[in-house]
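Residue numbers (my numbering), protein chains in the order written: chain P, 630 to 877; chain Y, 5 to 553.
Since the hints were derived computationally from the structure, they do not count as laboratory data.
Where a beta carbon is used, it is the ideal one built from N, C-alpha and C, also for glycine.
Please note that a few of the clues may not be correct.
As the list claims (entries may be wrong) - Now the stretches of chain P that chain Y is said to cover, found in silico as 3 or more residues with beta-carbon under 8 Å:
#1 637-644
#2 743-749
#3 755-763
#4 816-830
Each chain is listed here by its residues.
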Amino acid sequence: MKAIVSVKRVVDYNVRIQVKPDGSGVVTDGVKMSMNPFDEIAMEEAVRLKEKGKITEIIAVTIGGAKNEETLRTALAFGATKAIHIKDEGEVQPLTAARALAAVFKKEGASLLIAGKQAIDDDANQTGQMVAALLDIAQATFAGKVDVDGNKATVVREVDAGLETLEVDLPAVITADLRLNEPRYLKLPDIMKAKRIPIEATTLADLGVTAAAAVKTVKTVPPPSRSKGVMVKTVDDLVAALKAKGLA
Amino acid sequence: MSIERDVMEYDVLIVGAGPAGLSAAIRLKQINPDLSVCLVEKGSEVGAHILSGAVFEPRSLNELIPDWKAKGAPLKTPVAGDDIYFLLSEEKAFKMPGLFVPKPMHNEGNYIISLGKLVRWLGDQAQELGVEIYPGFAAQEVLIDEQGIVRGIQVGDLGVDREGHHKPDFAPGMELRAKYTLFAEGCRGHLAKRLLAKYELDKDADPQHYAIGIKEQWTVPAGQHKPGLVLHSAGWPLSVGGTESLGGSFLYHLEDNQVVVGLIVDLSYSNPHLSPFDEFQRYKQHPVIKQYLQGGTRVAYGARAISKGGFNSLPKMAFPGGVLIGCDLGTMNFAKIKGSHTAMKSGMLAAEAAAEALAAGREADVLDNYTDKFKASWLYDELYRSRNFGPFLHKFGALIGGGINYVEQNWFGGKFPFTVHDRIPDYATLKLAKDSVKPVYPKPDGKLSFDKLSSVFLSSTNHEEEQPCHLQLKDPSIPLAKNLPMYDEPAQRYCPAGVYEVVGEGEAQRFQINAQNCVHCKTCDIKDPAQNINWVAPEGSGGPNYAAM
Ligand SMILES: Cc1cc2nc3c(=O)[nH]c(=O)nc-3n(C[C@H](O)[C@H](O)[C@H](O)COP(=O)(O)OP(=O)(O)OC[C@H]3O[C@@H](n4cnc5c(N)ncnc54)[C@H](O)[C@@H]3O)c2cc1C
Ligand code: SF4
């Protein structure tokens, strides 16, 4: 049984994001990029399922420019058995990504798509859901626990009211939430081996996918900076300060 | 308890992806594409731990990759002007007429760059040539066999908790073995420190001297931006006439309204109350500096030590199975405050020597041909000419020492018929706290000057929390028992990241180490008066994440 894991290259979560002075987006020049943390969780889950013998093949798929190869190498070091690079230098809309993933899913005859619930750059939280719709298959989003048995997957999801357990027929889409697992350390020998595995290259056109109409980003602004606190010495000062602000 | 470790073997192994290590890697593959070359880097990616100025002299790059322009090297802003100021007080300054600028300080033909960006580009070039680069893996130990020959390095273990116990996901660090290992850790490499001691490499040299460089990157209003302008200063807020605290500052205008600004403080300073960080913060308030920064936004912060001893402090460079290159060896030309082109050249020379030896079927011996090539190169000549600069300053201060240096550099071409030595190591220069005056530092205004914590935040520093402390104290009692009464524990002030704190009073007093904030500058390892702090590499990929420093 084959599982596809989609992996996106995003600005690393440790990086302090800076908005470009002209508001056209965020600064990515020279900025550290890495695999979307939710995709790492998805990769880890796939590897665990494979270790348990529930699936046999893990195909990591990325869409993007030449540098995305690094993200696929990371996926291979995790334990992906195959890597597909859909080459595209432009900006990829969630719907385009969903169409491409659906095409790969069909082509490979996969039973599962495990994706991160969202990417930390655009926080769109759409791709997994749209792939399920495009393929007309079941979906279990925000997974906190996953089990696969034969042709079914049991997924525990975190919802506002507590935990919800779903059972879905395969093929299906599962999106990974933060608490699904803690991804392993990548070991140097695995990273070394991953360097030597060939990566399959393709394009949106090869997959017969047309790019979705662009959602235009009109403007990016940084969050307002917090105004400085005032130190007060006595309770009277505090009351006076609150009064001055019309709060007391 | 012995641990099973995976092993990989290479022809050449390089520790550290700075200009030195990457130039060596590229040169090796240019000479012989069949050589297997592996490079490990402790930063989470190539460039993540690189912090420099930088005015870059392209001499070595021209030799290494002559078509660097066509290949898109990030050298975008040629130096357009050189201003040198002597800051006399917090308001006053004296601008040095161009006529009196010592020759090494002239910058025509140089570029203002982000060294972080340049090494990322060099990393891409190296990878295209087939160099295997592994960022996020620090070389933690040197592998030395029974015959005393360096055989490679061992990568740090992953998954060890604070107490040193293995966590369930423990992953033992791999052994990387090679016929020759090139150490390119930059200033105060923790492996070089052991190699210097083990092979007594610095026995006949002056002690290495250091400075700490603290740097910020700013986006400034377009009207204040003068692309290509280089500004250097000496004097205030450090000693103006005396020798108590020396150093200088830089302010460079890059492209895209980016300005970088930094203060370099000699670690030979004697007042234990001095805080390089606070000196830097107040320095930015000087009208000469403020005119460029005000109204701008600070976007990045970081710090790194500099090896500035130069020629007189050069140790022996080769030992069985390995060599030191770049700032790990001490190739910085401090008269020019430039060490990138010299680091690159030393890496290239070492690569040529290693390739020659391998072609002759040699391995794991002493690369004497590296030393020979070094002595015959322009690098040796350049360092020789600058050899008196640091000692002049240490002895006579910035004003007079700088003047003598002007005479030597411009009238004698850097070749005074004598050499001045400076044999007191930087950790031994502190006066007692009770004999020193406490400077009063102004409170940060949140516009030009800031506190340490909000600064460290801008270095995007991150360390896995559960791991043994990578700042080891040989004797844990020294900070409170000795350093505190004698020097008011200077680590609280010289560390630019607020890692060291003395907290609590009386019985409850303790020395706290906030290791997760460490920006890997190495100052504590250098300046601790008891030489009690030992910096070792933290768990893989920990440390700052500089974007373009
Ligand atoms: C504030 C400041 C301003 C400067 N200005 C200029 C300037 O204007 N012009 C100029 O030419 N030079 C300048 N320099 C000097 C220049 O930056 C250095 O000389 C140069 O970076 C040295 O190169 P290197 O390759 O020897 O070491 P580094 O650049 O320090 O690189 C060493 C690399 O090795 C890695 N490393 C270290 N230990 C290990 C380990 N154990 N395992 C794995 N990896 C490891 C580090 O993470 C780092 O990436 C400046 C330096 C500073 C601090
Ligand atoms: S702990 Fe040491 S190496 Fe780390 S930032 Fe502070 S002084 Fe620098």
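Okay, the hints, checked on the actual structure:
| no. | hint | verdict |
| --- | --- | --- |
| 1 | 637-644 | holds (count 3) |
| 2 | 743-749 | violated (count 0) |
| 3 | 755-763 | violated (count 0) |
| 4 | 816-830 | holds (count 6) |
The structure fails to meet hints 2, 3 from the earlier list, while all remaining hints are met.
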